[in-house]
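Asks: Position chains E and H with the ligands against the provided structure of chain S, taking the given hints into account.
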Amino acid sequence: MHPAASLILFSTLSGAGFGLLALIGAGLARTTGWAGLAEAALAFALAIAGLAASTFHLGRPERALKAFREWRSSWLSREAWLAAATLSIMAITTLIRLAGLPALPLGLVGSALALATVAATAMIYAQLRTVPRWNHWTTPAIFLGHALTAGTLLAGHRLPAAILLAALAVAQFAAWHAGDRRTGATTRESATGLGPRVRPFEAPHTSDNYLTREMVFVVARKHRVRLRSIGLVLAYLAPLACLAIPPAPLALPLAALLHIGGTLIVRWLFFADAEHTVALYYR
Amino acid sequence: MTDLPETRSTKKLGLVIDLDTCVGCHACVVACKAWNTENYGAALADTDAHGAAPSGAFVNRIHSYEVTGDGAPRIVHFPKSCLHCEDAPCVTVCPTGASYKRAEDGIVLVNEDQCIGCGLCAWACPYGAREQDPVAKVMKKCTLCVDRIDNENLPEADRIPACVRTCPSKARHFGDLGDPDSHVSQLVEARGGMDLAPEQGTRPVNKYLPPRPKEDEIDVLAPLLAPVAEEPKGWLGWLDRALDRLG
Amino acid sequence: MKDDSHFDPSPAPGDAVRKTTCYMCACRCGIDVHMKGEEVAYIEGNRDHPVNKGVLCAKGAAGIMQHNSAARLRAPLRRVGERGEGKFEEITWDEALGIVAKRLGRIRETDPKKLAFFTGRDQSQSFTGYWAQQFGTPNYAAHGGFCSVNMAAAGIYTIGGAFWEFMSPDWEAAKLFLLFGTSEDHDSNPIKLGLAKLKERGTPIVAVNPIRTGYNAIADEWVGITPGTDGLFVLSLIHCLLKAGKIDLDYLSRWTNAPCLLDGDPKSRTYGLILRDEGGRALVMDRASRKPVPWDAAGVKPDLAGRWRHAGTTHASVFLTLSDRYLSDEYAPETVAPKCGLDPAQIHRISARIAHAAFDQSWQHEQDWTDFRGEHHTHVTARPVSIHAMRGISAHSNGFQTARAIHLLQVLIGAVDVPGATRFKPPYPKAAASHPRPHADTHAGQPLDGPHLGFPLGPEDLLVDEASAPLRLDKAFSWENPISVHGLMHMAISNAYAGDPYEIDTLFLYMANMAWNSSMNTQAVMGMLSDKDENGDYVIPFIVHADAYSSETVAYADIVLPDMTYLERHDCISLLDRPISEPDHAGDAIRWPVVAPDRDVRPFQSVLVDLANRLGLPGFVEGGEPLHSDYADYMQMHERRPGVGPLAGWRIGETGLTDGRGAPNAGQIDQYIAAGGFKTYAVPEAARYMKPFNAAWWDWSCDMGFTDAPAPYLFELWSEPLRRFQMAAEGIGARQPPEHLRARMRLTHDPLPIWYPPLEDGHADPVEYPFYVLTQRPAAMYHSWGGQNPWLRQIHGENVLYLPTNLWRSGGFSEGDWARVESAHSEITVPVAHMAALNENTVWTWNAIGKRRGAWALSPEAPEAQRGFLVNHLIHELLPEKGDGLRWSNSDPVTGQAAWFDCRVKVERVPRERISHPAIARQDSPVGQGPSVVARSTGEPDPAPGMMSYILKFLFMNKRLRANPHKEDEQ
Ligand SMILES: Nc1nc2c(c(=O)[nH]1)N[C@H]1C(S)=C(S)[C@@H](COP(=O)(O)OP(=O)(O)OC[C@H]3O[C@@H](n4cnc5c(=O)[nH]c(N)nc54)[C@H](O)[C@@H]3O)O[C@H]1N2
Ligand SMILES: Nc1nc2c(c(=O)[nH]1)N[C@H]1C(S)=C(S)[C@@H](COP(=O)(O)OP(=O)(O)OC[C@H]3O[C@@H](n4cnc5c(=O)[nH]c(N)nc54)[C@H](O)[C@@H]3O)O[C@H]1N2
Ligand code: SF4
Ligand code: SF4
Ligand code: SF4
Ligand code: SF4
Ligand code: SF4
Ligand SMILES: [Mo]
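From first to last, the protein sequence lines are chains S, E and H.
When the count follows UniProt numbering, it moves up by one through the first sequence with no breaks and lands on 283 for the last residue.
When the count follows UniProt numbering, it moves up by one through the second sequence with no breaks and lands on 247 for the last residue.
When the count follows UniProt numbering, it moves up by one through the third sequence with no breaks and lands on 971 for the last residue.
Looking at chain S on its own, in the form it has when it is part of the complex (with noise of 0.2 Å):
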């Protein structure tokens, strides 16, 4: 799939934020005084942020409330829904906590809420029976792996982020690895209905079009391997290394840095790893 930067901003950025208030909400964060308020406009500005990102992605950006119309079959209007009142009642939580008052029940919900965002992100992907690297209950998981970490990082946990962290590079490596293998159904044999050995001759126009350039995207193995070192480096070893430093006043906020830039690798692998089932037709 075309590795699209705004889809990559938008995850990346918008998991981290879902998962700072995911944190902020259940009371794992600061919540009170100026050190609360900077927490949650954190998460906010990079929840907002990535959300913003994702309508660079429609072709329509100026119609993009009507996504709200079909969350009972749309992952996509579900993940808008859920956005929506995740920020709403993280921002009514942040509010009562700034005025002083407990405010754990509700914070809870919103956490729920912001945890359900982002795994509704993830089931846009998940969902999609097209795209067998997506299609599996890895990809909820290592989103909301990132989106924890992320938020965990940020709230300045140090060792359960170190913890996480370190799960999560098991994890992203495995779901690499299973992904690698996963091929899906579909072969080009029964998308054809032509037998085993049918090869694609001509395309159907000698130029591009939108299916080959948002679907039928091929990283080249070696840049793959590349990648996934960097990636793998960047977002989860780099950053447990800083951590491992004795506390050092800018080790926490490096490390987070390093996890999400670490995370926009990953995640253009997400995509540009990805095949599509249209791509048997067309190579």
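Mixed in with the good hints, there may be bad ones.
Here are the simulated DSBU-like pairs of lysine-lysine, each with C-alpha atoms no more than 35 Å apart in a straight line [claimed, not checked]: (1) H:K339 to E:K214; (2) E:K214 to H:K267; (3) E:K170 to E:K137; (4) E:K11 to E:K137; (5) H:K87 to H:K102; (6) E:K170 to E:K214; (7) H:K339 to H:K199; (8) H:K301 to H:K267; (9) H:K339 to E:K233; (10) E:K170 to H:K197; (11) H:K301 to H:K291; (12) E:K233 to H:K197; (13) H:K53 to H:K197; (14) H:K87 to H:K532; (15) H:K199 to E:K170; (16) H:K882 to H:K339; (17) H:K102 to E:K214; (18) H:K197 to E:K11; (19) H:K882 to H:K199; (20) H:K339 to H:K301; (21) H:K291 to E:K11; (22) E:K11 to H:K53; (23) E:K170 to E:K11; (24) E:K170 to H:K301; (25) E:K214 to H:K53; (26) E:K233 to H:K53; (27) H:K267 to E:K233; (28) H:K882 to H:K532; (29) H:K53 to H:K199.
Treat the hints as calculated values from the structure; they're not laboratory data.
Replies: For chains E and H with the ligands alone, coordinates are given in the frame of chain S:
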């Protein structure tokens, strides 16, 4: 809403495409573009139309494949447009309700006024049947020529899709696949019409008629010709007798 | 339930329909042009039209984009830069026509042959030829010489009709269909409709073609033959059929010259010609009396096995001579199969299929008819084997004889013009002898003595002077290619450049992209067009080109005459030319202005009328008064012979309107328009089969004006015209060929079909150059001119060379590779791809996809100009030198047919490139570059009726999609 219609009529309009007959001429591709750029929804635009990377929206395209096997290798021309699936994933993923399947005949359509151009439906379609228009930025797809098949401004005979009307080799057939007596259902029955990628669970309405086995792959050879005589002289004798029989 | 109100379920395709004829190719389909106001909204096939019956091909359906093309010329142009640069200024029509008329006037008054007028696939040859004849130059031809003259000549000399344009398979009744060397053909929609009928009935299709795409892909049996060897294959089929006695002896003895006796006396002046009595009547042996008698004498039973011993010489029948030849083991499947790249079993199998269909599946078709001998018949014997062949046969230097072999096969099984077999389309059949002879007698200020092109019957009809030098610039009808009945357009430029046989002044081109895809050796031809002599003058002094678009050839013209498109002008698809007939009806059609032009362009035929009027050409001007105001007027009022004009419908008869013969009718075009743009004339029932021998056919043919008197004939299995040339080569006769041509002529002008290897094989080392390089017509492109079309160019915007598996492996190729392709004379570097369904001695690509940078209003960065390529650079109009000091023409030695498909190459992998070579420098565009974004739909209803139609809703947008930014190579 984007759920698939719960109650449906038994009518399932669709195409039957004969892979044994399609010569890959692209006539249907262009007729489709010409009709649909002028009618239903936004024009089908082309970008960089005279440049280095021309690219436009087409909702019907002809692939071609090479098949090798026991017999001589061969080329199969392979038209592909929306299959109007019964369990259309493109419909259920749509967040806006722009994509929908008509209860009365099963045609899958996009209401372009409601489309936000998120592209998710195109991702959900296993067949590559949806393309976003590069200018209008809304999703385009085969409408089964919904604006021809009941069009009161067209003579009766022309109330068929533009691609079917134009196909010079008669490789495209349109009809009600829900009606076992329709000519399309009969064709599917007689020729072993197949679904593309059935494991995707989309239950396509459109069917493909597989290429017939070729003569060099099946053993129904005409008997070889026996010579009338082995010797040249014998041949002349045969000729003489044969001419006598002519009278 | 969903709301469907967002779309209109019943949009009107337009508010008016105008019915005319398509011109996106030469197939002549009927179209319904749906108008919204004065804008074209949609084009679809005319269901009533006999050619396409409602269907359209991809090009036809894209006609709207062609009409609105950004590459359309806007006004007459005068060159201001150097030839080839493409720098022009727009001038007025008065200036342009003034310049041309002055120049042509001077030429006509001094030496008319200094004008060379060559036209492409224009569909108005009977008019352009007439114009050139009245002008008086011998140097006129249309594109047939580089197209399919082998097919045309072989058919007409053998059976009086040709696959090319004048015959059609019996799609309704065939039980077996054999298709030779065809990818699209001119009849592209009728063939597809026909194939659909065969498929519907389950009739087997056998495709003989090195490449298995398109029509060949759907065939039931593929004969993946090595190029240039079809003659052997067919003669081997004949061998098998003869050997098994699966031939139609009755048909052969009645309707062919098979029983005729051949003069067997080597000392005779008529050695090898048919023996005739004093009255000139051919002699046969009578089986009853065992005596030689005139073939058509009453009660004669012609003996196919006839042999007449007389005065010490044996005179054998044609049939014995031919069976002697083809029964030889030389033609046994086991002998020929390896040369053809086939398995002998396949040849056996196909001959068995032919025999089975022709004889076991035959029936008697009830039909009362009377033959030319006056004998009455109650039925016609069906021989349901239909055959069609095109340029895969034709475009080889042995194509004439190969096409003759195919016709021989048809005749041997009695499968010509009978139910189930290939049938004639009116105005054919017509024997070679009933056609005119060629003419080239030139006098200052005078018209030519007769039509340019014709059918020589022997050396006496050649157009050469006493010294054997050709009279025509293209050397047509000379000893080099005596029966070049369509001329040799592909030689015009190189001969004019070489001043051989003489220099010319003005080259006048129309409807052929001669600086590009219709030339061999393209790069060199571009050089010839722009080369200067020592005085700094162009070697070819003056070039006038009539084109509708900014083509490659436009860049080489001194004056460009911009044509209208097919939707804007009048045209005539005439029975005098290439009409729209089918076996059971004759038909003709028109084009008419369904939209008004929005620019300063004029229909070229009307421009020719204007020039004729300015020059005072006879036939156009009488008593100082022009006879015709424009082409539409000519179409209605011109009479070629009394009562016979360009259009056969609604002429004025004695009692009212009539068809065929009649006086001109000034309202004729309106009648055609009202009738949907065409008219058909049903062949009377009794005249539908066996036409060459059928009295009712000849009566109808005379009524319709196809002929002035009945002209029945016999099929010529033994070709006397060929024998006459062969005799000359053997030293018999007054007119003798030059020495160096004798041996070749003796071989190639065999009166019976023979096979010899394509001539290039004898010149380019087959070991060094092991592969034939072929091209195929893409169904969705018409030569170079489809490439300007924004829709079609997305389908075929670049091409690759396909390599067979053996070469792919041995050459170490992998996906995305490039290769250097080298012929004996030139090389190109191009992208390649693998194809298994391909003969192992063949490489190929789609024809004419490559474009010159800057042409056709495309960006110089267009894929057509960057990666797209022509193989024409590899093909030379002359064969490589062979040590005899001579450069033989790369043409069929009989007809002069351009041998496009003889070219042999070697192919080597090279590092991947970005652009194909040769990369010709760009030309300036007189029309700029087309818009980036096109979103075609009609605008608001036309504001003011009668206002000029306005074109596309072009949206200019700066954003350009990047070229394929996401693809990387899989390592
Ligand atoms: N769409 C489209 N239609 C066209 C045209 C076009 O440009 N586009 N051009 C028109 C014109 S001008 C013409 S002349 C006709 C030509 O119509 P076709 O005769 O169909 O033309 P080609 O594409 O040259 O096809 C030649 C075929 O012969 C095969 N071939 C080559 N060598 C041999 C051989 O030795 N033996 C056999 N058996 N086969 C061989 C090639 O593989 C190819 O399939 O098409 C007309 N129709
Ligand atoms: N390698 C290879 N070369 C080949 C062949 C092959 O098989 N292989 N085939 C050969 C054959 S058979 C042919 S027929 C030739 C064809 O080759 P060309 O005759 O060169 O064919 P086109 O490219 O169609 O060029 C026709 C010209 O007419 C112009 N034109 C189009 N429409 C109009 C109009 O309405 N009015 C006017 N005035 N001009 C118009 C176009 O712009 C173009 O300049 O190619 C030959 N060349
Ligand atoms: S083919 Fe694709 S677009 Fe059409 S209904 Fe099926 S899933 Fe949807
Ligand atoms: S692109 Fe349009 S039709 Fe497709 S899912 Fe998005 S909103 Fe629905
Ligand atoms: S049915 Fe209509 S929209 Fe669909 S492919 Fe055919 S022409 Fe195009
Ligand atoms: S028009 Fe018919 S034959 Fe041509 S590509 Fe389409 S389906 Fe195939
Ligand atoms: S075959 Fe196509 S381009 Fe040619 S006349 Fe017919 S519709 Fe037009
Ligand atoms: Mo041609």
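Asks: Hints numbered earlier in the text: which of these fail when held up against the supplied structure?
Replies: 2, 12, 17, 19, 20, 21, 24 and 26
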